[in-house]
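Asker: Assemble the whole structure, with the sequences as input and the hints as a guide.
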Amino acid sequence: MNARSFIPGPTTRLAIHARRVGAALVVALLAGCAAAPSNNPKDPFESFNRSVFRFNDGVDTAVLRPAATAYRQALPSLVRTGIGNFFGNLGDVWNFANSVLQLRLQASAENFMRLNVNTIFGLGGLLDIATEAGIERHNEDFGQTLGRWGVPSGPYLVLPLLGPSTVRDASVLPIDRAGDPLTYVDGGLARGSLMVLRVVDTRSNFLRASQLLDDAALDKYSFTRDAHLQRRANDVYDGNPPENGE
Amino acid sequence: MNPSLHRRGFHRLALASVLLVGAVVAGIRPAHAADEAPDALVKRLSTDVLETIKADKSIKAGDVQKIMVLVDSKIMPNVNFQRMTASAVGPAWRQATPEQKSRLQEEFKTLLVRSYAGALDQVSDQSVTVRPFRGGPDDKEVLIRTEVRGQGDPVQLDYRLEKTPGDGAGWKVYNINVLGVWLVDTYRSQFAEEISGKGLDGLIAALAARNKTNGSRR
Chain A
125 MNARSFIPGP
135 TTRLAIHARR
145 VGAALVVALL
155 AGCAAAPSNN
165 PKDPFESFNR
175 SVFRFNDGVD
185 TAVLRPAATA
195 YRQALPSLVR
205 TGIGNFFGNL
215 GDVWNFANSV
225 LQLRLQASAE
235 NFMRLNVNTI
245 FGLGGLLDIA
255 TEAGIERHNE
265 DFGQTLGRWG
275 VPSGPYLVLP
285 LLGPSTVRDA
295 SVLPIDRAGD
305 PLTYVDGGLA
315 RGSLMVLRVV
325 DTRSNFLRAS
335 QLLDDAALDK
345 YSFTRDAHLQ
355 RRANDVYDGN
365 PPENGE
Chain B
12 MNPSLHRRGF
22 HRLALASVLL
32 VGAVVAGIRP
42 AHAADEAPDA
52 LVKRLSTDVL
62 ETIKADKSIK
72 AGDVQKIMVL
82 VDSKIMPNVN
92 FQRMTASAVG
102 PAWRQATPEQ
112 KSRLQEEFKT
122 LLVRSYAGAL
132 DQVSDQSVTV
142 RPFRGGPDDK
152 EVLIRTEVRG
162 QGDPVQLDYR
172 LEKTPGDGAG
182 WKVYNINVLG
192 VWLVDTYRSQ
202 FAEEISGKGL
212 DGLIAALAAR
222 NKTNGSRR
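Chains as they are written, first to last, in the working numbering: chain A, 125 to 370; chain B, 12 to 229.
In case anyone wonders, no lab produced these hints; they're calculated from the structure.
Please note that the accuracy of each hint is not assured.
In silico DSSO-like cross-links for lysine-lysine, where the CA-CA straight-line distance does not exceed 27 Å [stated by the list, open to error]:
(1) A:Lys344 x B:Lys120
(2) B:Lys65 x B:Lys120
(3) B:Lys71 x B:Lys54
(4) B:Lys209 x A:Lys344
(5) B:Lys112 x A:Lys344
(6) B:Lys85 x B:Lys54
Answerer: Written out as structure tokens, the structure reads:
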């Protein structure tokens, strides 16, 4: 608004009102930030996120880590590899769809090849023949697809049970869910068991990584946050993010 | 020509050739070190370290003292660890006393070595591929990208190196990227939190306490 349009018309009044509301929001956000332990511009919801993080950590310690440890001890590594390969192959469906949506030709071709080779020659995905043949997996999801086309990640967000995310990635979770073949498994019990098995299998692959995190971090929360945000940016740019890092 | 003169001549020739060889050797070695390209350095160093780990059972088992020797002898000469620590500590580094600076470097190094020591038993048949280097010949700071291949998906491992001033000093690593995450950057806000709460000495104390718990568990 410039100085000449000073007489308040209906639109201007609306604009003034909007600006007041905006100012109030900014003040509220700033107040929220001041209450948080530190004000990281990427993490305006830090105090909320920290409490969800604590909750998730509690669930992990009480349920998930013991389950994953037991799983690792109970099943021989050959079986676990087969299970991991099977879920990985299912995941390649959505990896392929998103590499197409991102117009990444090589990644699309490789994900497509993987899916075919492993499903047909790898006994429905139990064997990962494609990786051994040098066809690499390109992990892509819908949040990355949006990132590829310029949608910023928005603030950091820790989701209950699902863990580190961002506003952009969390808002497209229903779409990622629709791209997950397990969603279409008939029968609630079968679907539920497969989903639990996948979670436990995934967690069992990160037992060492989480031990390393326990050792290496002074503050697990901000270590996880800073690593997650960097890694997502790296994934969106397929390993070539714009200059960052000192 | 009398015999003594002849002998003198021979001596002079021998002396000259020793000097010449010495000069050539002395001249070549620093020139060679300065000439090693950063990607060649990363390739040589990571292969060397990987082979050392593979060959040594106690390193693979996480023997911190032996790992520390490996780090100090092979890795640290090629790392500007002061720059890594300074960058993780942030603006407060400029206010640190020399004593605080050396304590910070020592504790940070111990933290990194102790944390990663437990992961070394994963080393089996991995090899390192250096991806094509895309820097100019006059660059003072470069990014070298590598991939560690073994079983499963390849692991992205990138390095930032700086050219140290002076001839023969070569390149030094000042940041490492594992799977898309820069090591130094990931410590920056954690360090800032400690410093804003309890100052530089608080950060040193927190690092030392963490190192103590990590050390007692193994």
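Asker: Next, verify each hint and record whether it holds.
Answerer: Now the hints, each set against the structure:
no. : hint                : result
1   : A:Lys344 x B:Lys120 : holds (18 Å)
2   : B:Lys65 x B:Lys120  : holds (22 Å)
3   : B:Lys71 x B:Lys54   : holds (21 Å)
4   : B:Lys209 x A:Lys344 : holds (18 Å)
5   : B:Lys112 x A:Lys344 : holds (24 Å)
6   : B:Lys85 x B:Lys54   : holds (13 Å)
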